[in-house]
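Student: Sequence order for the protein chains is U and Y. Every letter in the first sequence is one number past the one before it in the numbering used here, and letter 283, counting from 1, is 283. Every letter in the second sequence is one number past the one before it in the numbering used here, and letter 67, counting from 1, is 67.
Incorrect hints may appear among the rest.
[What the hints assert, rightly or not] If you only want the chain Y side, here are some residues facing chain U, beta carbon under 8 Å, derived:
| hint | residue |
| --- | --- |
| 1 | ALA7 |
| 2 | THR9 |
| 3 | VAL44 |
| 4 | CYS47 |
| 5 | LEU56 |
| 6 | PRO61 |
| 7 | ALA79 |
| 8 | VAL82 |
[What the hints assert, rightly or not] The calculated DSSO-like cross-link candidates involving lysine-lysine, where the alpha carbons are at most 27 Å apart (straight line), are:
| hint | chain 1 | residue 1 | chain 2 | residue 2 |
| --- | --- | --- | --- | --- |
| 9 | U | LYS3 | Y | LYS49 |
| 10 | U | LYS103 | Y | LYS58 |
| 11 | Y | LYS18 | Y | LYS58 |
| 12 | Y | LYS49 | Y | LYS18 |
| 13 | U | LYS3 | Y | LYS18 |
[Stated by the list, open to error] Here chain U is said to cover these stretches of chain Y; the calculated rule only asks that three of the stretch's residues, wherever they fall, bring their Cβ under 8 Å from a Cβ of chain U:
| hint | region |
| --- | --- |
| 14 | 36–42 |
| 15 | 62–71 |
Derived by calculation from the structure, the hints in this document are not laboratory data. Yeah, the Cβ is synthetic: ideal placement off N, Cα and C, and Gly gets one too.
The residues making up each chain are set out below.
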Amino acid sequence: MKKILGYCDDWSAVAGGRVAFKIGAYGPDRFEAALVRVVCGDDHPDRGLFHEEEIDAPFNGWHAAAAQPIDAGSRVIVPEAPALAGLESFTVQAWVFPTTPLKGEQGLVTQWRDDPATGFALMIDACGAAALRVGDGAGRVAAVSTGAPLAERRWWLVSAWVDAASGRIGVRQTPGATPLERHEATESAADGVFAPAPAPLVFAAFTPPRVGGSARCFNGKIDRPRLCAGVRSTAEVDALASSPAPTSAHEGVVGAWDFAQGIGTREVRDTGPNALHGETVNAPSRGCKGHNWSGREQNFAHAPQEYGAIHFHEDDLHDAGWETSFAYDIPPDLPSGVYAARLRADGDQSYVPFFVRPPKGRTTAKLAFLASTLTYLAYANYHWHHHEPFAEATEGFWTTLEPTDVFLQAHPEFGLSTYDTHADGSGVRFSSRLRPILNMAPRTPLWSFNADTHILGWLESQGIAYDVLTDEDLHREGAAALAPYRAVLTGSHPEYYTTPMMEGLQRYIADRGRLVYLGGNGFIWRCAVSDAMPGLLELRRAEDGIRYRGEEPGEYHLELTGEYGGLWRRLGLPPQALVGVGTVAVGFDRSGFFRRTADSEDPRAAFIFEGIGRDEIIGDFGFVGGGAAGSEIDATDPVLGTPAHALVVARSEGHSANTLLCPDEIGFTNTVMDGVQNPRVRADMTFFETPGGGAVFSVGSIAWAGSLPHHGYDNTVSRLTLNVLRRFLDETPFDMPPT
Amino acid sequence: MYEIDPARTDLIREFEAKPGGPYSAELTLVVNRLRLLPLAERHVLVCRKRGREWVLAKMPPRRGAPVALIEDHVFADYADAVREVFRRRWSAATGRGAGRGAAEG
């Protein structure tokens, strides 16, 4: 069981800058912190590879530990305001699309305070029905329910009223249009008195109790919430529900929120007379289809009046909001590298990694290692094995969890990865770095971050100096972040790229840069980040590809940028047009190896194979599937943009029956999609020069990095990689071959 | 859909002899079937010490509930741990034991 965990405020740090660490304890009252430089995080005891360097730092030593809670679950909060505090008789309404109506009480529109019970709550009650609860703050609590469960994943117009004069309350639920089903409108009334609560107005949750208890978060979509003074007739409720914004024809409007405004930000705009604007909390999904989506438009920007919904989830999380436990002023002379705060308490150990680049305007090496931080983030707190019944059949092995997986399973408040589904089955679109991330650390399985430490360990073993940059640096600065470097080296799996990252890398390559793509399944998905929502990665898995889960039709546009999401191969810059290769297959049970091709005899490729025999098998060993070609593998495709002069210098063989073509590689399912039968299931090791004197070398295999450390870093994979890097770091321009 | 014939204890023996595969065509069907048992309360492993110690465990009946570690089934060898998972799932799928006696019979 985990006892000490933490995160930091920024992964991309600069020597001379500052990083703040937020540490939470599960039991211990103190912990020991130490700064370490991460060299190799592979802690398998038979390999002798694990390597971290303890570095002097002011925070090294013992600290007091404290529990730091996480209040997960998305909602909208409208601050307290006179217009809300003065409510007497009123009507509250919203379109709702419940995705787990039977999970228990869920707040829809609430202004509520427990102990003493005060305010009102339009809610879903324990039987799944629309209900209103009121409290007068003097011990009287009343509730009224329609008593009829709301049908799941159907739109309902729910409304409730309080009549202060008569001391009566009522609630009504009316089905949206469902031509093939019959759902009845239901209403009910009862006695009840109400006093406004000293609390904000909340959509999709309750204000949590001061001590214990939960926010009773709603799973599902809400569209067009409205609050009006007085008891409004059904006709008036319907009229207001069908109007994107209130007009002079609508009487008594206190607040009328339009969720289609402010998409991509935390802002929630009130179009009513009181400007009761609010903010989202914990990053619910916006740009979602409203109750009136016609299907004629797929882009929220083109038909905002049909995209008025926010999808809320009980397990959304943006900023855990933990208190800072200690901060680190990074010395200006701290070498660029991958570092971590190592935390120890009561026999448990955790790491909080961060990445240090040289002081601004300086480089300290000719080579930059581009850490795939957005990919690390996409996988953060991955739960796929917990939730997906087909996970074992997909990956071809028996589920073997880590202790951190066991911890996460019991702690859903730590949030999900973009590979997971929410509690209501909808796909996760956001991943946040502002929370403890248990699988991005040394001493974790060999994937993503920790797999990349095989590359770091190899660089150290060869004495190759390198600076570290992150995806965020490339996103912010584009090609300028890479331009000072003679060569750039990727990690084993640089999968997730924003548009500025793709364009920046493309420009770097075109402008005499040299890129060594030392991985597989790279440059695949368009993702988004935004200064308006710091710390978040957004993904919409549009169309097809290895999506892990379906994406909601009509919601393929990224809310943070407005861009169409999906695979880069469909978005104007296929990976084949960037690095020569793109993903064709995946298989996790066993990796293959490379065999040289006739292209490898081309004098242009001679430098790659110095010291390697013409018939020598390359990489029939390794710590990822036992070979250098596997896990996720890439091949050339001229149609998708592989340069005509690219050389495929080696090609993989030996793939398993569980290594299967990607969905985007097939037009129709068939019985020969596997690595035993299908010639397309292969990795193409590819090299090409660029007109600016630069070059690209791609291994097209995630498993490659796992073969570098074999036999004390002395092997053909290591030798070949070193050959490439030496030439790529040489100032001599590459010449384009004659056409 | 393929269903396992509980009488085919020869397949248990085949798995026990080579738990990491590759498997015969028939055993491949069995393994795939066992990997599609309901996720709730499916037997799995937890690696407690890298390369050294695995504990048998059961997935929870629902999201958010804890994984149950079966502390009296701790293995120092991964192949042995996998054999135990196979036996547990064989029993769950067929209603018949897959212990040593079954494999021998």
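Student: None of the hints should be skipped; say for each whether it holds.
Tutor: Do the hints match the structure? See the list:
1. ALA7: With a closest approach of 24 Å, the Y:ALA7 hint is violated.
2. THR9: violated (20 Å)
3. VAL44: holds (4 Å)
4. CYS47: holds (5 Å)
5. LEU56: Violated: closest Cβ of chain U sits about 11 Å from Y:LEU56, beyond 8 Å.
6. PRO61: The hint is violated - Y:PRO61 has no Cβ within 8 Å of chain U, the shortest such distance being about 12 Å.
7. ALA79: violated (11 Å)
8. VAL82: holds (6 Å)
9. U:LYS3 with Y:LYS49: Roughly 17 Å between the alpha carbons, so the hint for U:LYS3 and Y:LYS49 holds.
10. U:LYS103 with Y:LYS58: Holds - the C-alpha atoms of Y:LYS58 and U:LYS103 are around 24 Å apart, at most 27 Å.
11. Y:LYS18 with Y:LYS58: Measuring from Cα to Cα gives roughly 24 Å; hence the hint holds.
12. Y:LYS49 with Y:LYS18: Given that 27 Å is the threshold and the Cα spacing comes to 23 Å, the pair holds.
13. U:LYS3 with Y:LYS18: violated (38 Å)
14. 36–42: n = 4 at 8 Å, threshold three: holds.
15. 62–71: This one holds; 6 residues, not fewer than the three required, reach chain U with a Cβ under 8 Å.
In summary, the numbered hints that this structure violates are 1, 2, 5, 6, 7 and 13.
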